[in-house]
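Participant: Residue numbers (the working numbering), protein chains in the order written: chain S, 1 to 67; chain G, 68 to 510.
Please keep in mind that the hints were generated in silico from the structure rather than gathered at the bench.
Be aware that a few hints might be false.
[Said to hold, decoys possible] Over the 10 Å line for every Cβ pair with chain S, so calculated as not near, a few chain G residues: (1) Asp78; (2) Gly86; (3) Gly91; (4) Glu103; (5) Pro154; (6) Pro205; (7) Glu317; (8) Gly340; (9) Glu385; (10) Glu495.
[Said to hold, decoys possible] With the Cβ distance kept under 8 Å, some of the chain G side facing chain S (calculated, not the full set): (11) Leu98; (12) Lys377; (13) Tyr378; (14) Leu387.
Note that CB positions come from ideal geometry on N, CA and C, so glycine has one too.
This is what each chain is made of:
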Amino acid sequence: MDSFELYVRNGLELRGIDVDDKDIAVMRAADAVYGPAIRSLMEADLGSAAPEIPLDPGSPPREAGEP
Amino acid sequence: MTHPQDLSLRDQAAGVASGELDPGEVLAATLARIEERDGQLRSVPSVFPEESQRMLAEAPRGPLHGVPIAVKDMFRLPWRGPRDGTPREQLPPGESAAYRRLKEAGAVVVGVTNMHFWGAGSTGHVSAYGPVGNPWDPSRCGGGSSGGSAAAVGARLVAGAVGVDGGGSIRLPAAYCGITGLKCTFGVVPLQGYTHEFASMDAAGPMCRDAADTRLLGETLAGRQLPASDGSALRVGIVREPFWTDLGPEVERASEEALENTGWTLQEVELDGAEHAQIAAVARLTLEALHTIDDEHLADADPIMRALVKYERLLPAELLVRADLIRAKLRRALAGLFQRCDVIAWPTVPAPAPPIEAPVVELPSGHYPADAANVRQSGFGNLAGIPGINVPVGLHSAGVPIGLQLQAGWGEEAVLLDAAEHVERVTERAYVDALPPLAGMPA
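Looking at chain S on its own, in the form it has when it is part of the complex (with noise of 0.2 Å):
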């Protein structure tokens, strides 16, 4: 049993969700397609990207102080 494996198997379960081989096996696909573009925006560098505090997403973003 791989990282991944292991990894989906003891997260399901500790929520209380049955996984079986098949879905590993789609999980598994799902994780080569999305899986390096979730992990390269988990490193990437963020931090000088403020929120955006409240989002509407309907209008232009607000600049500081902008009622």
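Dock chain G against the given chain S, drawing on the hints supplied.
Facilitator: Just chain G now, with coordinates in the frame of chain S:
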């Protein structure tokens, strides 16, 4: 005599208003055409002969008086709860805001359109009502999640349909089926009475054959005028990385040619954070919907979707925080960019509609699930909240359409429609007027 569904939406509306068309006959002919043509497409799983007659009898003399419209199966209707591509109602019947706007415009809701299960895919091949076929080749995907709306318009079953776009779900199927699909700015079309009302990515919009029809239906849905202007002198930003990379060669060529022929001022621009837009969009889309999926919902899903939900449940919380930081970064960069550009442009999908049996696309770097490739092109607009439109610009050697995506600043739907009309002019309407084989069948 011309079948009413071979007329544009605006010609149907004008014909009914002038008395040249009898709206009762238009409705009957529309229902008959759906019955005749939809077998291979599965785009309109339910029609409403009685309810649409009642709507027509009570319809006010609005801009769409007596015009049949199909609605994606995510909105509450007074006689039907939306099903979201699943076998059961997800909300009780009622009046959604989109329904109310159609009713007030005098439109007639003739049926609901098929969609990808839960709205969770760009191919439309997973649905409790069967896979959505493409009017250009029914063995290929009609797209998703608003695939039924796109296929129904493309096949001339209706001239206008309502879609919703949470990660490309209007623009992507519009590209697959060769129609014009406008994702409005977030919030422009109220989502009250919609199955994913909680979502921060989703925006409804019109799906029609060309920009003028899209403007007409868009004005109804948006509840405001979208005045037409000259779209021939726009400043267009070309964001090469990542949106013009790893594209199917024919898609890239058709999109480049369409842009070159517009005479627009094209400028290469960069967007800080764009390299993470795809995964940020996927994280937002999936994680903000997870809380709605319970055991009953899961029981309806196929084994692959059930396994994917389990995968999503293990994604780290920090991923969502990081996705939102990327979202903020992109939105700020865009606000600056739209000071210099009127629109930004790239291909709507990197490769044309794949076969229903194997919804995988071939790109220069390899084969990918269509969903992963498509959301790279479209999820950006949902993160930002900006409007976007698909404009048909070519026909692939596989026999299915190619679409160009244009996006503008918040609230600038009219600019996109002007731009789309300009593309139609320079292409001599070759692609918006092209008839798919299915729509070329004798009535």
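Participant: When the hints from earlier in the document are held up against this structure, which numbers fail?
Facilitator: Violated: hints 8, 9, 11 and 14.
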